[in-house]
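2 protein chains.
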Amino acid sequence: MTQHILGIDPGLASLGFGSIHITDNHPELLDYGIIKTAAKTDIGQRLQTIYDDLHELVAAQKPDLVAIEKLFFYRMGNTILVAQARGVVLLVLAQYQLPIVEFTPAQIKQALTGYGAADKQAVQEAVTRELNLEVLPRPDDAADALAIAITAWFQQ
Amino acid sequence: MTQHILGIDPGLASLGFGSIHITDNHPELLDYGIIKTAAKTDIGQRLQTIYDDLHELVAAQKPDLVAIEKLFFYRMGNTILVAQARGVVLLVLAQYQLPIVEFTPAQIKQALTGYGAADKQAVQEAVTRELNLEVLPRPDDAADALAIAITAWFQQ
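These protein sequence lines map, in sequence, to chains A and B.
In my numbering, each residue carries its 1-based index in the first sequence increased by 11.
In my numbering, each residue carries its 1-based index in the second sequence increased by 11.
In short, the hints are calculated from the structure, not lab data.
Any given hint could be a false lead.
Which copy is meant is left open, so a pair is good if it fits within one copy or across any two.
Each computed DMTMM-like pair below joins lysine to aspartate or glutamate, with the alpha-carbon atoms no more than 25 Å apart [unchecked claim]:
#, residue 1, residue 2
1, LYS73, ASP53
2, LYS51, GLU136
3, LYS131, GLU145
4, LYS81, GLU141
5, LYS51, ASP63
6, LYS131, GLU39
7, LYS51, ASP75
8, LYS51, GLU39
On a predicted model such as this, the values are computed, not experimentally measured, just so you know.
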């Protein structure tokens, strides 16, 4: 069985993505990074950057499955901005008719470390171990996206 | 001076729109209605409906200015869903490079009735009066969108 899973950590200033390839029930790192938008540009332009860059990414990667973090009110001031960006992400994924799975932060932490309240460092170390990497993937949002992709693989 | 203002009341289940035409400092009703999406379809499809229908609307109407309601945490459970839809709305407006203005619900009520905590009925009556309509515009979300467009006109 072969499968390509793209993980997405939605955000407006920095949207993390990370993709893994599953071969013989073994995950391999394909790619990771962030889509950045500048705080000084207006919200419409920032959403357009996310729309265009994510279209390019999905068209190039052709994932079989997309895993995306569920949004809660855990960062109050920021939640509406992140939700607006997440709406654009869901739109792009729908335009490609991609199947999606969603996980809460606690589900991701639980899946990677066995502990739903694990800290960032513990999750990143688990990502590094699962993907046999030499160093922790950076920045944080990209590492989180890889954690989301790995969670989707675990849950299959 | 002639100007076409499109008002938008963002929503996921029902997105209200209403447009007015200003000629010689007098507003005339052009069009109003709602974009509806079914709760039983998945979120991606619903956002795609909003994206496609709003594209069609904006391409047909060619507004000079778009006025849109600002989103707050006033309806907690619903806010993330509405914000995701609002992100798609802002994306479409940016794709047409349309200038936008944003108003809070209190600013809209204040502009239409002189009272920031006015009820829905009072706002709808003010819309009906300003536009010289025979009956209150319906449904509520479309009437709200007209109120937003009128607020933008008042504030120019």
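Going down the list of hints, with the structure as the test:
1. When the C-alpha separation of LYS73 and ASP53 is checked against a cutoff of 25 Å, the pair qualifies only between copies, where the shortest distance is 21 Å, while the shortest distance within a copy is 30 Å.
2. Taking the closest pair of Cα atoms, LYS51 and GLU136 never come within 25 Å of each other, the shortest separation being 34 Å inside a single copy and 39 Å across copies.
3. In this homomeric assembly, LYS131 and GLU145 come within 25 Å of each other (Cα to Cα) only inside a single copy, at 18 Å, whereas the closest approach across copies is 61 Å.
4. Within a single copy, LYS81 and GLU141 get their C-alpha atoms as close as 22 Å, which meets the 25 Å cut-off; across copies the closest is 43 Å, which misses it.
5. Only within a single protomer do LYS51 and ASP63 lie at most 25 Å apart by alpha-carbon distance; the minimum there is 19 Å, versus 28 Å between protomers.
6. Taking the shortest alpha-carbon separations for LYS131 and GLU39, only the intra-copy value of 21 Å comes in at or below 25 Å, while the best inter-copy value is 56 Å.
7. Taking the shortest Cα distances, LYS51 and ASP75 sit within 25 Å of each other only across copies (24 Å), while inside one copy they are farther apart (35 Å).
8. With identical chains, the CA atoms of LYS51 and GLU39 are never at most 25 Å apart, being 37 Å at best within one copy and 36 Å at best between copies.
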